[in-house]
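Student: Read top to bottom, the protein sequences are chains L and C.
All residue numbers for the first sequence refer to UniProt numbering, where the first residue is 1 and numbers rise by one.
All residue numbers for the second sequence refer to UniProt numbering, where the first residue is 1 and numbers rise by one.
Do not take every clue at face value.
[As the list claims (entries may be wrong)] Below, in silico cross-link-like pairs of lysine to any residue (SDA-like), each with a Cα-Cα straight-line distance of 20 angstroms or less: (1) K221/C to N246/L; (2) K245/C to V107/L; (3) K453/L to A66/C; (4) K453/C to S182/L; (5) K133/L to R357/C; (6) K221/L to R357/C; (7) K221/L to V305/C; (8) K221/L to T242/C; (9) K221/L to K245/C; (10) K26/L to P88/L; (11) K245/L to E132/C; (12) K453/C to G181/L; (13) K221/L to D169/C; (14) K245/C to K308/L; (15) K308/L to G297/C; (16) K453/C to K26/L; (17) K221/C to V305/L.
Keep in mind that the hints were calculated from the coordinates and are not lab data.
There are 2 protein chains.
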Amino acid sequence: MTAGFNPPAPQALAALKDIVGDNGWKAGADMERYFEDPRGRFTGLATLVLMPDSVEMVSRIVRYCAGAKIGIIPYGGGTGVVAGQLSPDSADAVIVSLERMNKVREVSVEDGVLVAEAGCILQDIHDCAAREKMIFPLSMASKGSCCIGGNLATNAGGIQVLRHGNARDLCLGVEAVLPDGSILHELSPLRKNNTGYDLRHLLIGSEGTLGIITAASLILKPQDPESVTVFCAIRDHSDGVTLYKNLRAALGESLSAFELMSGFGVDLVRSHFPKLPAPFAQKHPWHLLLQFDGPTGLADTVEQVLGKMFEDNLLIDAVIAQSETQSEDLWALRENTPEANRMAGAFCSSDTSVPIRKIGVFVNETNAALRDIHAGLRINTYGHIGDGNIHHNVFAPEGTPKAEFIQSHPDIIDAVRMAINEVTHRNGGSISAEHGIGRLKTADLEVYASTAKQAALRSIKAALDPDNIMNPGTLLR
Amino acid sequence: MTAGFNPPAPQALAALKDIVGDNGWKAGADMERYFEDPRGRFTGLATLVLMPDSVEMVSRIVRYCAGAKIGIIPYGGGTGVVAGQLSPDSADAVIVSLERMNKVREVSVEDGVLVAEAGCILQDIHDCAAREKMIFPLSMASKGSCCIGGNLATNAGGIQVLRHGNARDLCLGVEAVLPDGSILHELSPLRKNNTGYDLRHLLIGSEGTLGIITAASLILKPQDPESVTVFCAIRDHSDGVTLYKNLRAALGESLSAFELMSGFGVDLVRSHFPKLPAPFAQKHPWHLLLQFDGPTGLADTVEQVLGKMFEDNLLIDAVIAQSETQSEDLWALRENTPEANRMAGAFCSSDTSVPIRKIGVFVNETNAALRDIHAGLRINTYGHIGDGNIHHNVFAPEGTPKAEFIQSHPDIIDAVRMAINEVTHRNGGSISAEHGIGRLKTADLEVYASTAKQAALRSIKAALDPDNIMNPGTLLR
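One chain only, chain L, in its complex shape (with noise of 0.2 angstroms):
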């Protein structure tokens, strides 16, 4: 898709002030912290950052941009990792952050629904709901930087869809501009509503390239009586399919998270966060961590469920959280896994999905494939099994730094993506399971989409956004 849409001129930026007021825009060296890439692969650009207060400026700014043909980037929290927020060949568009439009607008635990605008960090949001005994279950590691309005945006999945959904399973309504500055208000808190096609579902993981999302009804669930933490291990990263399948079987949707997490992986956590307790005294290759919530009584099923593993020879050994804290060191192994990938230098992180049943297939060939491309390579392979979603970080050979070992060898990083790609589509998976498209992957959905869907993305986009100014680049190229 060709960008299409003009540097600003001088006129159009003093108009562009004009609608955000003196404390509604940044320009120079204020704007660098937007143009940061949480794995530091790209680095953004733009001309002018807005920061509109409500969604009338919002209208006003897209109204704007869509007559003098302006692209916009939209921007949340910054923690994307796939340059969906970062523009690094143009320097034409501005970045439209929600930042000050961070209020929770409304709070109904009768309907069981929380407005917040887009703005809003989801670890506040998950802090409100907390405060009338709800819970809202969008979760991930990025919880207190990233907020709603991009996690919607890019239908972020994380740590709980296996019982929950992603992002979009979590929303009943948007308020949104559309790329001709109408405002959609569509802030429905109800279950049901069927009337017209789903707009909502629409922009939800369009990645700002249809409209702006600037508040979402999102779904508070009841906390369940009893939570159960337990973090396992085991021999091989096949019997955690084998587990999830009999503990689905056993123990129904109160299974709610069901992490796979590499004995290396665990290493390098503890090595870069050396407070965190070790879950076992001896290593191991595999675990799991596990989550459960449901009725009073649910930690003794579980420990008989978990008893009955042990006699199959599922479990090696087991650690169930004796205490809220102790739950916490635990997830934390696995929420300090992308940050100690970062820290000890990941030059690849990979982020597909595969049908269940392929996991333990899709492990090994993606292994393989990589030892094919450099014998050395070291792979924290970790992940959501319930999601069929398994990351895979890899690390150059073991006493070879980072920068040097990419120097040497320039092509490796897309060697190794396009090697987990073609393993990933060749199971029936998908080749970017809950990060979206970005501009990274663009040339990888040319790639794997059909052409029947290319062509009915690429009609959708031209229909409502003809200009292409929202977030030129993202999705479709």
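Starting from the known structure of chain L, fit chain C onto it as the hints suggest.
Tutor: Chain C in isolation, oriented as in the chain L frame:
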């Protein structure tokens, strides 16, 4: 939206018959069953019924119709109640019935996925899941005849939305034929798949106006170890809302259905289905039918919590089903309600939703508004409290036959519909909760949908179906 399609010429009909072969079409009197409206208000029309038996055949039909600009009416089980499958004003279109595409293509317990063709009857999918000790939770009164293709095209709701969501929430991917005849092969069994706009969600709920869904990957969930069905007597519908809130807080997500029935409604069902046992010896003004599903031990917990509700004076009486048969009998009181309404001569059946906290006001205000229209109207109020989705079935005054009453009050159907819509809208609700827009509610959508929303719907329709061949007159007119 202008119809813009042509009556098929004789050679076009011959070409279409040729695509489907001798057993693949019906004409003349053989088409009659496809013209029937479950509520007897409309009579459909069409030139030809086509019954393709593969997605490729559907594609060839659509491609031909796109070239010849012939309108297509996709047809599932024929149970829709808003005339989405019925064209009463024009015989120019052809019906494409998915009835021969009725195979379950695949079941994977590990992935929790069942791939069903569009013509599969919902009950057959339930049975298939049960054989694997799993459930497909979408359920409604018409489950014995409705088809999954229609369930998805209309985003059907039903009785388990509270816990498991609407049809769209239970579908991971679709195979569909788009208006240009291209085939979208997106039968993904993946929980996480963020690769472009969600065409699945765009097609689901589009009521056949953006394409024909030919198969779907459906989510299977584990059977919960324990299920509890409870029939309650309560003083007032507002106590029902309070109970809903308390039970959700106490029992979390194990609450899977929460149905309101009026005393009048229960009497109505029992008068038409006299074999169904009375739940209580005495008559009561309002009832609740509750379903709980969860881990072993749940029944005891439910009994304790209900005991507390008795103490709090929220319940008059309650029956806990002691066997599967008794549970089925209690559910039969609820599931036969639509049929009893029909047999008793309901002249209007509403389907609106409001925020849960507004249910009390909604029921009171609608009853008052209907009494203002005509003092003696009898109203059966029932529905899904957990979804804010309360139906009203409206009957002529006691002793007046329906036909006679309608004849002497020709405007009453529209007056009742409009009064209910107005109260719904005033309380932040939706004029179509679970049945869709069809051809019945296109004018209502124009009144109650915002300009921005309508413009977006029309842009999308025009982009994907420029000649308006897909279910013309439905959803947008």
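Student: Flag every earlier hint the structure violates by its number, smallest first.
Tutor: 14, 16
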